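Trainee: When you get a sec, could you build the whole thing from the sequences and use the hints?
Spelled out from the first residue to the last, the chains are:
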Amino acid sequence: MSGLAISARGLTRRFGELTAVDHIDLSVEKGRIFGFLGPNGSGKTTAIRMLCGLLTPSDGNVEVLGRRIPADAEPLRREIGYMTQKFSLYTDLTTLENLRFMARVYGLGRGERRRRIDEVLEQFALTELRGRQLQAMSGGQRQRVALAVATLHRPTLLFLDEPTSAVDPENRRDFWEKLFDLSEAGTTILVSTHYMDEAERCHRLAILERGRVRRDDSPQALMGALDGRVVEVSGSDLRTLRAQLMVRPEVVSAAQQGSRLRVLFDAGAEAPLEQLHSAAQGHTCQLARPNLEDVFMAATSGGRA
Amino acid sequence: MSSPGRIAAVAHKEFLQLARDRMSFGMIVMIPLVQLLLFGYAINTMVRNIPIAVVDLSGSATARVITEQVRVNQVVDIVSYLHTPQQAEAAVIAGEVRAALIFPRDLARRIASGDTVGQWLVDGSDTTVSQVLLGLRNMPLQLQAGAPAGAYQASEPSFEVSLFFNPERRSAVNIVPGLTAIVLTMTMILFTSLALVRERELGNMELLITTPIHPLELMVGKLVPYTLAGLVQVAIILGLGHVIFKVPFAGGLGTLAVATLSFVAASLTLGLLLSTIARSQLQAMQLTVFILLPSILLSGFMFPYDAMPEVAQWIAEAFPATHFVRLVRGVVLRGAQLEQLAGDILWLCAFTAVVLLVATARFNKRLD
Ligand SMILES: Nc1ncnc2c1ncn2[C@@H]1O[C@H](COP(=O)(O)OP(=O)(O)O)[C@@H](O)[C@H]1O
Ligand SMILES: [Mg+2]
Chain F
0 MSGLAISARG LTRRFGELTA VDHIDLSVEK GRIFGFLGPN GSGKTTAIRM LCGLLTPSDG
60 NVEVLGRRIP ADAEPLRREI GYMTQKFSLY TDLTTLENLR FMARVYGLGR GERRRRIDEV
120 LEQFALTELR GRQLQAMSGG QRQRVALAVA TLHRPTLLFL DEPTSAVDPE NRRDFWEKLF
180 DLSEAGTTIL VSTHYMDEAE RCHRLAILER GRVRRDDSPQ ALMGALDGRV VEVSGSDLRT
240 LRAQLMVRPE VVSAAQQGSR LRVLFDAGAE APLEQLHSAA QGHTCQLARP NLEDVFMAAT
300 SGGRA
Chain Z
0 MSSPGRIAAV AHKEFLQLAR DRMSFGMIVM IPLVQLLLFG YAINTMVRNI PIAVVDLSGS
60 ATARVITEQV RVNQVVDIVS YLHTPQQAEA AVIAGEVRAA LIFPRDLARR IASGDTVGQW
120 LVDGSDTTVS QVLLGLRNMP LQLQAGAPAG AYQASEPSFE VSLFFNPERR SAVNIVPGLT
180 AIVLTMTMIL FTSLALVRER ELGNMELLIT TPIHPLELMV GKLVPYTLAG LVQVAIILGL
240 GHVIFKVPFA GGLGTLAVAT LSFVAASLTL GLLLSTIARS QLQAMQLTVF ILLPSILLSG
300 FMFPYDAMPE VAQWIAEAFP ATHFVRLVRG VVLRGAQLEQ LAGDILWLCA FTAVVLLVAT
360 ARFNKRLD
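So the protein lines, in turn, are chains F and Z. Its first residue numbered 0, the first sequence is counted upward by one per residue in numbering that gives the first Met the number 0. Its first residue numbered 0, the second sequence is counted upward by one per residue in numbering that gives the first Met the number 0.
A portion of the hints provided could be inaccurate.
Straight-line C-alpha distance at most 30 Å; calculated DSSO-like pairs for lysine-lysine [what the hints assert, rightly or not]:
1) Lys85/F to Lys364/Z
2) Lys85/F to Lys177/F
3) Lys29/F to Lys177/F
4) Lys29/F to Lys85/F
5) Lys364/Z to Lys29/F
Keep in mind the hints are simulated off the structure, nothing from the lab. As the structure is a computational prediction, the values presented were derived from the model and not from experiment.
Mentor: Below, the structure written as structure tokens:
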């Protein structure tokens, strides 16, 4: 078997006139954390649903864990775990009741069931919360339960659709620690997010915009490709300067961040730092380390395209 | 692990949710209770103080004694004394009285030969009233003041009764068993029609269809707790109906259980089918009402099945409630045995199987 957990070619999904996912190609290596980064409506959920076999693609070929989707979706279900974007566990049941229900639905034997439930309770620090109904839990606690349920049957591939959108930053870090543990243990993870800091933790990242994959590489490579194209300007009257810069064709974006203006240049722009020096007399200019936000802006042409 | 395990898992989960949902849980108990009391007492209040007229052609003391006995049971209220049967008939037709009690000229001779002592002219257009007056037909009489009650045992009913307008005779007692069909139709279909839609609206369905569960396992699992709820409801209605309204129970409990289970299963699967059609909980409720109305009107609960036009009878046959009204009256009132009810029970079982398969086929584990 190949080293790919997911391989998609020309994956497409139309809803009437709208093309939610537009001919995307994906290669997700086994054991990696692969990220979908994109704004709301960019097609992350639709793509994940197709990869899980929940939505029939309008076009394209998909293989997940060596099985053709959607034809072979049913046997695939035991091998994947899916954490939906909208919370989908039973909030009127307790942690333990949800776990027991899902363990039986996944067909775990009696002994196996008890062992696995104890394991995930331990693993996700839920032992104290096992008797509590989910409706009485915080967002972070609920997401831990959801992850516990998604991993209960030891899937080799996990789909996590914006798993941390209702979680505060500190709990988000803890959540990611759990993901790295799972990844370490060999689980392939596909996670969607619109948080840049989260995206940066992935081994590989696909940037989605309006149903298309605009970039697809490791976060480091994506950011490295912008070396020399991001300049930070500090000084007075940055708003006027920004307006002047934005009309230039070689400037992709200019965003004010506190007392600095972060300017992203087009790939073809020549000597960005020098250009800015002359354009912004009286300001201090220096090259900055590109971040994922810059990558995202560059990939989507600053949202102007 | 196998299907039984998954079905049990779903059933257990549904049971926990049902037990925690005070609203639904309350409905299981309150709907039969409220309906029973409403229907039961509405009927009971109507059987008091029915206005009647008396025509005494015999002019005897015996007639006066009998009249007094009829009066004291409070069912009737004697509003006028008339002179001829023709006047009495006119009063009934005019709606001034609901009935007239007529003592013939030869009252003494009739008593001597153990014959009926008088005749009731009854406005049969109100079935409940006529039914109550029919009940007076066999009332035990004492012919002289001071004689022991029931001293006069006529070889035939003590009164002869003529029903005007509507010879179809229905017992108020029919209402209570029939009510079980209506309450079950209402609650059973509603519960399951909401069952799948609610999970879809709450988002649980997206997770559930990602698991290896088979749609049939999901469906059957969901039926189990509500089946128990249905049995509880029937027990409430018939039990309290027996205690409060003296509804007789002629048949066997086993037969009743089989009939009830087959009807509950049919209603629940029908609800599941609606649930696969409805896009929202509101739509599910509307579809339920769509089934409920003809079930009430055509099942024989409100109007006698035999009096309906043939086309309406054909339509009525398509509703499980029609079959259950027949079954439950058969068991409860006539003490019918399983063999005699086999036709309707088999129909309900076949209905359940077909609808369950259609619902399962309609339920697909996809979101598109
Ligand atoms: N079932 C559906 N029917 C019609 N349009 C849909 C449906 N699901 C998603 N869409 C549309 O497809 C686009 C992509 O949505 P989605 O995949 O949910 O994006 P994301 O998860 O990135 O926010 C959106 O414009 C959304 O409105
Ligand atoms: Mg989404």
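Trainee: For each hint, tell me whether it holds in the structure or not.
Mentor: Hint by hint, here is what the structure shows:
no. : hint                : in the structure
1   : Lys85/F to Lys364/Z : 18 Å, holds
2   : Lys85/F to Lys177/F : 20 Å, holds
3   : Lys29/F to Lys177/F : 18 Å, holds
4   : Lys29/F to Lys85/F  : 26 Å, holds
5   : Lys364/Z to Lys29/F : 27 Å, holds
When each numbered hint is compared with the structure, no violation occurs for any of them.
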